[in-house]
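K.L.:
Heads up: the protein sequence lines correspond to chains G and H, in order.
Those letters in the first sequence? Residues 1 to 639, per this note's numbering, in order.
Those letters in the second sequence? Residues 1 to 99, per this note's numbering, in order.
For the record, the hints were derived by calculation from the structure and aren't laboratory data.
Glycine included, C-beta positions come from ideal geometry on N, C-alpha and C.
One should not assume that every hint holds.
Said to hold, decoys possible - Pairwise CB distance ranges (calculated):
#: 1; chain 1: H; residue 1: Met65; chain 2: G; residue 2: Gly601; range: 17 to 25 Å
#: 2; chain 1: H; residue 1: Pro5; chain 2: G; residue 2: Ala597; range: 54 to 62 Å
#: 3; chain 1: G; residue 1: Ala597; chain 2: H; residue 2: Gln58; range: 25 to 33 Å
#: 4; chain 1: G; residue 1: Ala627; chain 2: H; residue 2: Pro5; range: 19 to 27 Å
#: 5; chain 1: G; residue 1: Ser605; chain 2: H; residue 2: Phe63; range: 38 to 46 Å
#: 6; chain 1: H; residue 1: Leu97; chain 2: G; residue 2: Ala597; range: 38 to 46 Å
#: 7; chain 1: H; residue 1: Leu97; chain 2: G; residue 2: Ile631; range: 39 to 47 Å
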Amino acid sequence: MTLGEIGEQTVSTAGGVFSAAWLLIVFPLIGAAALLLGSRRLDRAYGVLGCMAPLASFVVAAALFVAMLGREPEQRAISVPLYDLFAVGDYQVGVGLLVDQLSIAFSLLITGVGSLIHVYSIGYMAHDENRQRFFGYLNLFVAAMLLLVLADDYLVLYVGWEGVGLASYLLIGFWQHKDSAAVAAKKAFVVNRVGDFGMSLAVMSMVVVFGTTAFAGVFPAAADASEGWLIAIGLLLLLGACGKSAQFPLQSWLLDAMEGPTPVSALIHAATMVTAGVYLVVRSAAIYAGAEPAQTAVVVVGTITALMGAIIGCAKDDIKKALAGSTMSQIGYMMLAAGLGPAGYAFAIFHLLTHGFFKAELFLGAGSVMHGMNDEVDMRRYGGLRTVMRTTYVTFAAGYLAIIGIPPFAGFFSKDSIIEAAFANNFVAGLGALVGAGITGFYMTRVMLMTFFGERRWAPDAHPHESPSVMTVPLWILAGLSLVGGAALLYVGGGIVQWLEPVTGEEHVELGIPVWAMTLVILAVVLVGVAVAWQIFGRQPLPVTAPAGSPVTVAARRDLYGDAVNEAVFMRPGQYLTRSLVYVDNRGVDGAVVGTASAVGQFSSRLRRWQTGFVRSYALSMLAGAAVVVIAMLLVRLP
Amino acid sequence: MSPTPYLVLASILFTIGGTGVLLRRNALVAFMSVELMLNACNLAFVAFARMHGDIDGQVAAFFVMVVAAAEVVVGLAIIVTIFRTRRSASVDDASLLKL
Chain G
1 MTLGEIGEQT VSTAGGVFSA AWLLIVFPLI GAAALLLGSR RLDRAYGVLG
51 CMAPLASFVV AAALFVAMLG REPEQRAISV PLYDLFAVGD YQVGVGLLVD
101 QLSIAFSLLI TGVGSLIHVY SIGYMAHDEN RQRFFGYLNL FVAAMLLLVL
151 ADDYLVLYVG WEGVGLASYL LIGFWQHKDS AAVAAKKAFV VNRVGDFGMS
201 LAVMSMVVVF GTTAFAGVFP AAADASEGWL IAIGLLLLLG ACGKSAQFPL
251 QSWLLDAMEG PTPVSALIHA ATMVTAGVYL VVRSAAIYAG AEPAQTAVVV
301 VGTITALMGA IIGCAKDDIK KALAGSTMSQ IGYMMLAAGL GPAGYAFAIF
351 HLLTHGFFKA ELFLGAGSVM HGMNDEVDMR RYGGLRTVMR TTYVTFAAGY
401 LAIIGIPPFA GFFSKDSIIE AAFANNFVAG LGALVGAGIT GFYMTRVMLM
451 TFFGERRWAP DAHPHESPSV MTVPLWILAG LSLVGGAALL YVGGGIVQWL
501 EPVTGEEHVE LGIPVWAMTL VILAVVLVGV AVAWQIFGRQ PLPVTAPAGS
551 PVTVAARRDL YGDAVNEAVF MRPGQYLTRS LVYVDNRGVD GAVVGTASAV
601 GQFSSRLRRW QTGFVRSYAL SMLAGAAVVV IAMLLVRLP
Chain H
1 MSPTPYLVLA SILFTIGGTG VLLRRNALVA FMSVELMLNA CNLAFVAFAR
51 MHGDIDGQVA AFFVMVVAAA EVVVGLAIIV TIFRTRRSAS VDDASLLKL
């Protein structure tokens, strides 16, 4: 039975293993409930309990994937209706899952990389007394993200969307006894609310335009909808995506989000959260297909963010913030690709998956370094760690080579595809992506050199040591994925482009110059970036305190003044507005009420004077009254 | 007959009564002044009844007397009670009923 079309394929109902797809979400949800609501005695088994749920989900996702491989490419989208949430008139919302090529790719990434991060956290959070709560939040995060990517209705997707925002808030502020962490969590939440606002408006617009929010209802109808509405919905969805994916102009929360424990950063940056925006844009392909300006906006946002993130990453001395800048930049690449339409969707997802591997690797590697260095994050206090932390060094190097795009590491394939597609579509976007690749080479080499090479600039009480194997094993696995993941995804069994083609459609654009020439150009640019970094940071000793630096460096250290702009444009006028409203309320509204009351009070206290208690004065007033009555009667009668 | 002399007398008596009520502090004197005002009215009633040759005014005068008698009963009782509790019959001393 078919349920309609999504993308270019029909959707069939669930059967066999697919009807168990809901277990994907339920496992981590149960895990979260058990860890958060259960007894404190569960703390003794926190590791097993925490990791069981994502691992079980990964098994389910893998089983679904295998089952999907056994079907015809056009039969791989399966709808799993669960129950009806509510029905209001013609508007019905049923909770259901859409298991197709796109959502299964995300599910595998979320549960796979997510499981590795969970395992790593066993070692990383071993000495934290709130580790049970930590794992509960992690499971909640995974559950919300899975709901987000598996939902078959924008409204249900929105539930997962908010769940991700909540979980990220809880995790970024996990060490809320630190003021900076509490503030960062609040900031992430507030900035995300701005994006969520766009998202909710988009969902409401869909109800107005299409009368439904189900994918199966929206996507076929999008072809006939008016272009104005499609552009509006596309831009609103982009606003939502910008919030979750930390894209310009809502990028400011991401760098502060480093206040959370390092595995959280890895989870946010690699498997969950920031990928949600890219997913949203790719999933809404049918809407963007009819909204050219909205697509252009996606490309512009992606290009700007790719460059901004890269520039910020160049100046940060905090290893996590340098990596956070790089995440912004890489997600910018994905957005850029997603904005190119069918020509770029598959590459966006491709880069998202490889980025999930190597960015998780880099963050967990950074966490391993911090773990060995008493939680020191300043790279100027590192140096020469390659001899004392061999495993971390080797695996981090794999992530490093993958992110800058050296063949045959994963990033080479995915980033090259995006840059080529960008050049084929628009020269400016392509140039931005190419320059971004060069800057990526620069800042990642800087991170590498400052951390693992050069002389030892350690703090006097630092005794760096290698992390326990519960942390290094995930590092090895992720390093392996960073090495082979790109080639495997691109070539095995027809590759990811062919795999996603039924969902995203395909459009091959010819490049003006041969592909090998383009690849050489990209590699050359990257190597220039590496060489410049080597020239600056590799050849002479580094000062422990940061030099003043050029205006560009200063700007990049301050996140290119993103916070300053937000403060000047939104925060201060907002505060003035609220203050003036409070003033109007106190003086105007309250003043009117209080003034009326005091006027009545004063009048009555004047009136009270008449009640003297002296009988004779009452008699006098009676006499005066009688006289007035008599005079009035005489006046009336006289004429 | 001309009612003018009676009315003039009634006005004089009424004014004396009213002045007494307003100026005297002793409750008993004020009370007597009130009686004087009532009787001034009675005199006017009776004079008008005589002028018109009917008995309406005289009936009204009787009503006033009845009311005055009842008032004396109640009023004197109150005054005596006040005098007993406060050892004073001054109306200005009994000025507690005020805000």
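K.L.:
Could you run down the list of hints and mark each one as holding or not?
P.N.:
Structure-based check of all given hints:
no.: 1; hint: H/Met65 with G/Gly601: 17 to 25 Å; result: 48 Å, violated
no.: 2; hint: H/Pro5 with G/Ala597: 54 to 62 Å; result: 60 Å, holds
no.: 3; hint: G/Ala597 with H/Gln58: 25 to 33 Å; result: 57 Å, violated
no.: 4; hint: G/Ala627 with H/Pro5: 19 to 27 Å; result: 24 Å, holds
no.: 5; hint: G/Ser605 with H/Phe63: 38 to 46 Å; result: 42 Å, holds
no.: 6; hint: H/Leu97 with G/Ala597: 38 to 46 Å; result: 27 Å, violated
no.: 7; hint: H/Leu97 with G/Ile631: 39 to 47 Å; result: 30 Å, violated
This entry does not satisfy hints 1, 3, 6 and 7, going by the numbered hints stated previously.
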